[in-house]
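Taking the hints into account, I'd like the entire structure generated from these sequences.
Chains as they are written, first to last, in the working numbering: chain A, 1 to 297; chain B, 298 to 606; chain C, 607 to 1141.
Do not take every clue at face value.
Listed below are the simulated DMTMM-like cross-link pairs for lysine to aspartate or glutamate, each with C-alpha atoms no more than 25 angstroms apart in a straight line [stated by the list, open to error]:
1. C:LYS801 - C:ASP718
2. C:LYS835 - C:GLU851
3. C:LYS835 - B:ASP465
4. B:LYS508 - A:GLU190
5. C:LYS1124 - C:GLU841
6. C:LYS801 - C:GLU720
These stretches of chain B come out as covered by chain C in the derived footprint (C-beta under 8 angstroms, 3 or more residues) [unchecked claim]:
7. 386-396
8. 440-450
9. 462-473
10. 548-557
11. 560-566
12. 581-588
I should point out that these hints are in silico values taken from the structure, not numbers from a laboratory.
These figures come from a predicted structure and were not determined experimentally.
The beta carbon of each residue, even a glycine, is placed where N, CA and C say it ideally should be.
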Amino acid sequence: MPGGEGEVSRWAPARRRRLLDAGRVLIRRPSGAVGLGITVALVVVAAAAPVLAPHSPSTQFTDGLTSFGAPVGPSRQFLLGTDALGRDLLSRLIFGLRNTLQVAVAANLIASVIGVAVGGIAGYFGGWLDALMMRLTEVLLAVPAILLAGFLALVTQPSPTSLVLIIAGVNWYYLARIVRGEVIAIRVREFVEAAVVAGAGPWRILVTHVLRQVWSLVFVYMTLQFSTTAIFVASMSFVGIGIQPPTPSLGNLIADGSQYLTSVPRLAIIPGVLLAVAVLGFNLLGDSLRDALAVRD
Amino acid sequence: MIRFVTRRTIGGVGVLWGIATLVFVIAYVIPINPARVIAGRSAPRAVVESIYRQLGLDHPVWVQYGDYLGRLVHGNLGESYATNQPVSQALLQRLPYTVELVLLGVLGEVIIGVGLALVAAARRGSRWDDFASVVAMLGLTLPTFWLGLLLLYIFAFVLPIFPLGGVDQSTWVVLPALSIAFTGAGVYTRMGRASLLEALSEDYIRTARAKGASHRRALVGHALRNAMRPIVTMAGLDLATLMGGVLVTEQVFGIPGLGTLAWTAILQNDLPMLEGVVLVIGVVIVVTTILIDIVYAWLDPRVRVTGSK
Amino acid sequence: MTRALRRHLVAVAVVAALASLTLASSLSPAVAAPARSGTTVTAVISADPPSLDPALGFDPISWSFIHASFVTLLTFNNSISIVPWGASGMPSVSGGGRVYTFHLRRGLVFSDGEPVTAQDYAAAITRILNPRTKSLLMAFYQIIAGATAYSDHRARSVSGIQVLGADTLRFTLVRPDRTFLDIMAIPNASAVPPKVIARNSAQFGLHPVGDGPYVVQSYVPGREITLVKNPTYFEAKQVSVQRIEITIGLTPEVEALRVENGSADVMMDTVPTPVYIALRTDPRFRAYLHHFTAIADNYVAFNLTKFPFTSRRVRQAAAYAVDDQQVLRAISRMGTPLTQILAPGMPGFDPSVEPLGYHPERARQLLAQAGHARGRGLPVLTFAVATGGFTAGSNVAQVVQQDLERVGFRVVLRVMAPGAFLSSLGRYPLTMGIYGIDYPDPYDLIASQFACSEIAAGNNWQDYCNHAVDRQLNASLGLSLAQSIPVYRRLQAQIFAAFPWIPLYYQELWYLVNPRIKGFGANPIWPMMFANWRA
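In structure tokens, the structure reads:
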């Protein structure tokens, strides 16, 4: 979990040992081991996509379609069959996974950093700063993300960067509000008050005491956000931004494939299952890691 | 408490003004000439120019902004560029479907999600815990439109129990609400489980346990109440975001709700309609947020104290 | 403790079960008794028709509805010849082809009881010419004398429209134009009731009142349209179906499922590729599938004013580079290769013209001759494509993209919602193009897509402009159809020699209709002929 790593590395060295303990606990739990296994496997597949994919993901093979233009089923040449344009489904899945991971990781990372910063500052300092920031998030929350993205699509040229920024731009405020709520509850607790009495500055307290308390929540949120992001990318393809064809993403593979649910179910089901496995892996890992880290208390 | 509510209401009006302004800014910067949209692509230039003046687009931007706010204050959302239908009339026709779908969908999410969270937290680390996580995750991993199509195919076509899309029968809401509930429940399970476990390890619950409160009492009486805080937040946010975010579900099931209306408006560059949808969702969200804050204050008096500082 | 918890969980489960029981008990019978009453037909459509107002609806689906609920003086029969309908006969033509005199048939009545008069037809055309109506069709009717002055507010009425009594109407044109009969036969030229219009002209499309075979009993946008047979229609005896209930907003996949399981009779959208693949070979649905070829051109338009497509050689190279067979497979062979501008079914179509064919080697040579061997010196070309249910459009675009890249072009797709797509016309070097006829005169296909004036009007997507071609097109309007066909054949050959397009295909439209519905004969101009349906 990228955001998690960022948070972890900011910790004081003394906490590293606890992290190691947590790692041990994580691997000992079967769900944690499975989650770690899936995640590592998928990241390796995504990273090695050009080596692993049997074909180019966008080559349309003349023998990949029947003479009537229907996709062909699994064969030696096309292990999972072909899609509606005679392209190798397996290769599209591998590259789709890669593209989806890239966008999801980058967008989530940016969104989480913004969300934690805004939520933490608003919740901790309160007052007009809080009011201003929360009103801003309320304004943004009031515009449904997909509509805002649709608006933005009309004014921006689509590119991977603009896609990441749009997704991050419409995702940070959910987390900001959750973090703020937690921070408000935490900042009146004894250990924070003790730190104030001990003379620690507000920023130091915010980073070392308060945010430390919420990061497991942030973590859980980020793992969940992965699937949401992948699905959001698919929805955005409908609006006309998102990853443009012929570049595959898990989202647009599912979106295109779902039209074939009753005729070529393979096209609808296999990408859905791959996305499910990926999200399952990330979620198992995140959840177990959270439990393992909670052990330190 | 009254001061708290008043404060939040004033804040809410401010947010509505912010939304209206945001919508205006976006509509203003979009490189599309509304007059051309209305007139159609083959209209003579004179027609486009006459519509341009009718819409007041030849005035300076601040005059347009003032006119726009003035119209909103009087409840005039304008007319659709595409159909000439008054926007407020279209919104009233569409709102009930979305509200029904979203309310039942979120209710389903919370029931399924919190139920699974209780199972998971009660038997932490057991097979039940894993089972609950897997069910929660299964839902989370499935795109709503994918699940929706699958549900439609199985429970409306193969087994003709529910209607095949549309809203022409009273049971139309069941399958779309289920697909929202199932795909959204995971968030509640995971948040609920995390909060329940956190609460169970809190000093006051340990104290209660030490004083002889049962595990069940600790879990349901104390921990659940504590866990309801993020869940209420989440449910409120979901209600709000789903108002426009059920677009894809509405598409799959053919429901003429706000999402479909907004989608059509995007396809047609129908700005007044899109503005209307965004504003009405804005009103719903602002009201919901204020209600959540009040519930928050009720659940946790500390918020009220600090909130009205 | 754990037992207590289990009890609690059981309680939760019971509550959940009760909740679902409550839901279940409120269920009405699974599939509402499908309309099997014989005279009711149920249909499904994915989106609202753009408008039910004769002044505004200007697309095949809107026309289907307007043609069902209003009567034009003339109309097209199924072999797309012009025949009288609201008129008692074909108009008399005088004044050297400039003056058309119509006589109304007796017994035309609006469904609110008002009789239809010549004045109502005059008012309908005048309403289109009024800028306040914001009609797309204003330019069409400016062929009438005095129309431009009226539209520009220089005159209070249209001098070329004269009402000569309750049932006689005379139009005077600015110049002889045989296509005037066509624009009096498209549904936009229907009579509209003046009193209803006076009350609320802008929203007439939401509550239309007409004199056609059907009355729009209710229209809830996004949800449903109900048509009921109009007892006062003058040929009501020939209308068989009593009631047509149309559910709006389902996806095409779900629409098809509804027709397959019998809960709907007619799918008003064309069958999408994935459904077609499944049903084509299924013997159960053989009798459900109907098809005909749309009179429309599908092509990729080069922007002739933008580098590199300012060069004829580069255009020719691109046109040769695309594999027409692969394009046809991308649409599951629901079409035939495009050979010329005048589509099959249009008078003047020349079956002897061969398709351009797939010549990738030739394409590479031409590109090299143009100084761009293997794409050297060519920018990345943006290819604009519209979405909105046209997935075949995006699939075809990807085939074109790959074929162009194989000979050295670099192409990126820009898939846009239709609104954004139309606003972007002229901005990108390549545009996925489609043009369906407005009326069955070859002039429409050639002039709308290639006249200089159509660049600004938004139909000439390649920005082709040749004033010599324009002059011949204008002159042809004074000729009879038979006289003008050789002119159009010559013109289309001349235009094609400049390679303005990558020719793609003429599309076959497939429809899914329960075989209990008879008379689903499609009219190539508007697909649904409700009044001909029998059940």
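Outcome of the hint check:
| no. | hint | in the structure |
| --- | --- | --- |
| 1 | C:LYS801 - C:ASP718 | 10 angstroms, holds |
| 2 | C:LYS835 - C:GLU851 | 12 angstroms, holds |
| 3 | C:LYS835 - B:ASP465 | 21 angstroms, holds |
| 4 | B:LYS508 - A:GLU190 | 22 angstroms, holds |
| 5 | C:LYS1124 - C:GLU841 | 19 angstroms, holds |
| 6 | C:LYS801 - C:GLU720 | 9 angstroms, holds |
| 7 | 386-396 | holds (count 3) |
| 8 | 440-450 | holds (count 3) |
| 9 | 462-473 | holds (count 8) |
| 10 | 548-557 | holds (count 7) |
| 11 | 560-566 | holds (count 5) |
| 12 | 581-588 | violated (count 0) |
Violated hints amount to a single one, hint 12; each of the other numbered hints is respected by the structure.
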